[in-house]
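Protein chains in written order, with our numbering: chain L, 1 to 221; chain D, 1001 to 1320.
Incorrect hints may appear among the rest.
To be verified - One side only, chain D facing chain L, incomplete, derived with CB under 10 Å:
#1 T1163
#2 Y1180
#3 L1307
#4 L1313
#5 L1317
Hints listed in this document are in silico derivations from the structure and should not be mistaken for laboratory results. No residue lacks a Cβ here, since even glycine has one placed at the ideal position from N, Cα and C.
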Amino acid sequence: MGTTPFIVQFIDLLASLLLLIVFAMLAQRRILSLINLFAWQGALLTLNTAVVAYSTAQHHLYYSAALTLVLKVLLLPWLLHRLIHRLNVRWEVETLINIPTTMLVGIALVIFSFNLAAPISELAEGITRGLIGIALACVLMSLLIMLTRRKAVTQVVAFLSLENSLFFAATSATQGMPLVVEFGIALDVLVATFIFGIFFFQIRETFDSLDITHMEKLKDD
Amino acid sequence: MMPDPETTLAIVFQLTQLLLVVLAAPLLSGWVNQCQAWLQNRSGAGVLQPYRVLHKLFRKDAVIAHNASWLFRITPYIVFGCMWLAAAIIPIIAVDLPFSRAADVIALVGVFALARMFIALAAMDVGTAFGSLGARREMLVSFLAEPALLMVLFTASMISHSTQLPRIVELLAHHEFVLYPSLAFAALAFVIVLLAENARIPVDNPSTHLELTMIHEAMILEYSARHLALIEWASSLKLFAYISIGIALFLPHGIAEVGNWAALPLAFGLLLLKLLLAGAGLALLETVMAKMRIFRAPEFLGTAFLLAVLGLLIHFLLGA
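Pulled out of the complex, with its shape left as it was, chain D reads as follows:
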């Protein structure tokens, strides 16, 4: 029996997005690093550097601590899987993809939380000081970032009366242009959450291994070779997913619909442009901001939460 052509087409779109995301994610990280290098007057390693790193890591032999349990071994695969799944749910090149019905925005936050829980447990598994230190700091940052992210998503959900990302994007992208003051607040809160969740500069510095400041790097210190490669790749995917959520919520204009081949080149072009701009913006933010003390992070993320709440309140007051 043949499936109907519409479903087949939707699945083709879905698979295209999946492949595109997993292949392009390191490129985005490379672009952000390259922009940062340019802004800091360095020549930089080139946008392809993350691929070289991944290639190198995949060829190496993995070294695992003697007392590492099965949890430590499976965590990279789970984290990578979670991030890939998250990227599959978010409407990136087209709305109404078949996978996106599987989970709404709350489940999406849950997927991120699952990955985080596993990586924190794995960091504690080997029992080194740095691992548990990093895990505890990560949980501190993330338990403050998660409610803020949920509030941001709720603001968008209130506007579109749905927690399904495709519905939200459809309303924002394909109806007449409306200025939403509440989304301005949500966007600001989202940027703060993005910086915190992706181990970016004011909260964490991904490029150092200084024990006093590192969070994410401290957790993955025990990983090597293919495990490390998967985790690095998952980090790139996470950044890509977060930026895609940002684009979907605040700049969704120009996204294609499933089955609309004609709109696809334009959607690709706009997506590329938005990603380039978002990456450059992220690099700029990281360059102008200074790394803050870890105990300032709760205040920083508290601000994000309050901004998101303010967005919700403004939505109630103004109905927009």
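For reference, chain L alone in the conformation it holds in the complex:
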């Protein structure tokens, strides 16, 4: 130990903090805090991408860091805040499984993905290969948040967090995707959030609630 350069340690620390934020999202009961955590996740991702860009001298990663900052730290949280303000929803997040159980499942997922990623990271190259396990754990945990929450807004935040985790996986495993692809994904996410916003109003108009379990009752019988 002590042989790894300081910059790698710093990247490791940022990656661990990302995992911590996903865990905090998993344990979170309030929708407002969830959106703030999502903004923090974006901020950490920006910092992480910028540090990776600096340490590997890949200048296109600076652009994706800037893109992350504008889109995921400023624009999307602002949109979500406006959305829940207009929907006037400040309820506590309702979970399908209680939170301690969810967190235990989360730990199991972390162990699973760390084991799964161990052989993959042997094949990968570059300084950030140890992070594939963390990225995979973040992806799976975002999926878990989507699965265990009832309300549409929370699921959208989980979806955006999933996208963040995938972006992080791409940065750490393959030194980032081509810039065109990243722009495409960023645009997709932005458009998706707008469409989700419209969906929220539609769902609420039809069912008087944002609880998506009501959608199962659509069948005629």
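Fit chain D to the known structure of chain L by using the hints.
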């Protein structure tokens, strides 16, 4: 026969630490209370208030229930002794003190557990409703906090390959600076354990005697005078010990080595600064958080345990 000078010196360091800790512990509690008062826009009773309380209590006559057994009488002394011993094991002003070889971190957790067991038994001894209520709640909180604390200590032990606190501190403080992501998780878990174990706000409120919420105060309700003084003093010592463990694990930089007189003033200064900051931070945490329902406490402490486990996992993945 003269003992060799090195041993004598180590014992002098050890005794200095023992005296310093036992005298400074109420001061730390006073500082935390004072910071809290300032944060809540009150003027506060001053940092010396715990000493005044102790002085007052020691002069009073002790009143003991008729049906109290010997257990009830000796518990304050045992609790005080345990906490003092714990403070002697932890490297506070210097590493490699002679007492610290007597016990590693697991034994340290055991010392805390021994004190807790006695105080819970003594609370049940008199047979009042509040006593057994407090004891049961205390055991609920502590049986969840203890594994989390052990996991935190294990994370630090994995990094330094030793369960001896001096070894851990030596590795973290005197080698080149390394960022350990696993310790970030452990630190977070440790803060939660510290709040729970020291009867601090989200889990317990030390400043009220409201029967529905109190845990620690409910257990010591039957104590008076010198017994109460010892228990209060032991609580201060416990807080001091916990904060010192936190400093030793997560901020050990600047600690002196035995026999190094030149490094001692700097070590004292840094220790004072760290304690002041930790106390102010604790007061801030307590002010911004709300007391949670007792049935939320398992979830709170479960989070601490999971964070500590996550720290261990991260250590395995990243090797740091």
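* Asked: Which hint numbers does the structure go against, in order from smallest to largest?
  -> 1
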